[in-house]
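Student: Here's the letter readout for the chains.
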Amino acid sequence: EAGVAQSPRYKIIEKRQSVAFWCNPISGHATLYWYQQILGQGPKLLIQFQNNGVVDDSQLPKDRFSAERLKGVDSTLKIQPAKLEDSAVYLCASSLETGGTYEQYFGPGTRLTVT
Amino acid sequence: KQEVTQIPAALSVPEGENLVLNCSFTDSAIYNLQWFRQDPGKGLTSLLLIQSSQREQTSGRLNASLDKSSGRSTLYIAASQPGDSATYLCAVQMDSNYQLIWGAGTKLIIKP
Chain L
21 EAGVAQSPRY
31 KIIEKRQSVA
41 FWCNPISGHA
51 TLYWYQQILG
61 QGPKLLIQFQ
71 NNGVVDDSQL
81 PKDRFSAERL
91 KGVDSTLKIQ
101 PAKLEDSAVY
111 LCASSLETGG
121 TYEQYFGPGT
131 RLTVT
Chain D
90 KQEVTQIPAA
100 LSVPEGENLV
110 LNCSFTDSAI
120 YNLQWFRQDP
130 GKGLTSLLLI
140 QSSQREQTSG
150 RLNASLDKSS
160 GRSTLYIAAS
170 QPGDSATYLC
180 AVQMDSNYQL
190 IWGAGTKLII
200 KP
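Chains as they are written, first to last, in the working numbering: chain L, 21 to 135; chain D, 90 to 201.
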């Protein structure tokens, strides 16, 4: 079974530029998550999709971050314009309910550096 | 508001030792608790998931325990190996939603 795919793996941009990340979840997983992980911290949920609908985006900075999940499969996360504090690893995860528990499977992440 | 704490932030032990990683949480009304491993440049890998009704889970050399009443979980690693070097994170899932609430992790180094 193929895992969660993310691209690019690394990205360096200057502040005020735009950037987009892509995620392809495990086939058949209805739920998709985007996390931001700042160095030395645990991941912070940015947005959660159930199929192509948003379940939770309460921690997404909507003035600069946007995300979509077209057709309930792939997803993109965009930052426009980027700030220095956006430097982090952006993790995508997907899940399929198993026995009533949503176990999440993570991609390798995209490391973003904003200079 | 649920808060998850992992102490220490870093731990270094010689190869072969048994060790315990700690995770504490402030709200005992959790749905489950998970332990993850994170290797540099890689994503997170789920190690063990303990349902709120369970006391422990085991997988190979790993054993995770859960004491909801005291708000604590431990991850026990037996006969540590250099390949166990990684950051270990715990996360809790609350009853009313599916969002994971994460600790900051413990960076473990096993010295050959």
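Just so you know, not all the hints are guaranteed correct.
Stated by the list, open to error - Straight-line Cα separation of at most 30 Å, DSBU-like style, residue types lysine-lysine; simulated pairs: (1) D:Lys131 - L:Lys31; (2) D:Lys157 - L:Lys98; (3) L:Lys82 - L:Lys31; (4) L:Lys31 - D:Lys157; (5) L:Lys82 - L:Lys64; (6) L:Lys103 - L:Lys82; (7) D:Lys200 - L:Lys103; (8) L:Lys103 - L:Lys35; (9) D:Lys196 - L:Lys103; (10) L:Lys35 - L:Lys82; (11) L:Lys98 - L:Lys31; (12) D:Lys90 - L:Lys64; (13) L:Lys64 - L:Lys103; (14) D:Lys131 - L:Lys35; (15) D:Lys200 - L:Lys98; (16) L:Lys103 - D:Lys157; (17) L:Lys82 - D:Lys157; (18) L:Lys64 - D:Lys196; (19) L:Lys64 - D:Lys157; (20) L:Lys35 - L:Lys64; (21) D:Lys196 - D:Lys131; (22) D:Lys200 - D:Lys90; (23) L:Lys64 - L:Lys91; (24) L:Lys82 - D:Lys200; (25) L:Lys35 - L:Lys98; (26) L:Lys91 - D:Lys196; (27) L:Lys64 - D:Lys131; (28) L:Lys82 - L:Lys98.
Unchecked claim - Some, not all, of what chain D presents toward chain L, calculated at C-beta under 10 Å: (29) Val93; (30) Ile96; (31) Pro97; (32) Ala98; (33) Ser101; (34) Pro103; (35) Gln123; (36) Phe125; (37) Tyr165; (38) Ala168; (39) Gly172; (40) Gln182.
Calculated directly from the structure, the hints in this document are not laboratory data. We treat Cβ as the ideally placed atom computed from N, Cα and C, and that holds for glycine.
Student: Going through the earlier hints one by one, which of them does the structure break, listed in rising order?
Tutor: Of the numbered hints given earlier, those the structure breaks are 2, 4, 7, 15, 16, 17, 22, 24, 26, 30, 31, 33, 34, 37, 38, 39, listed in rising order.
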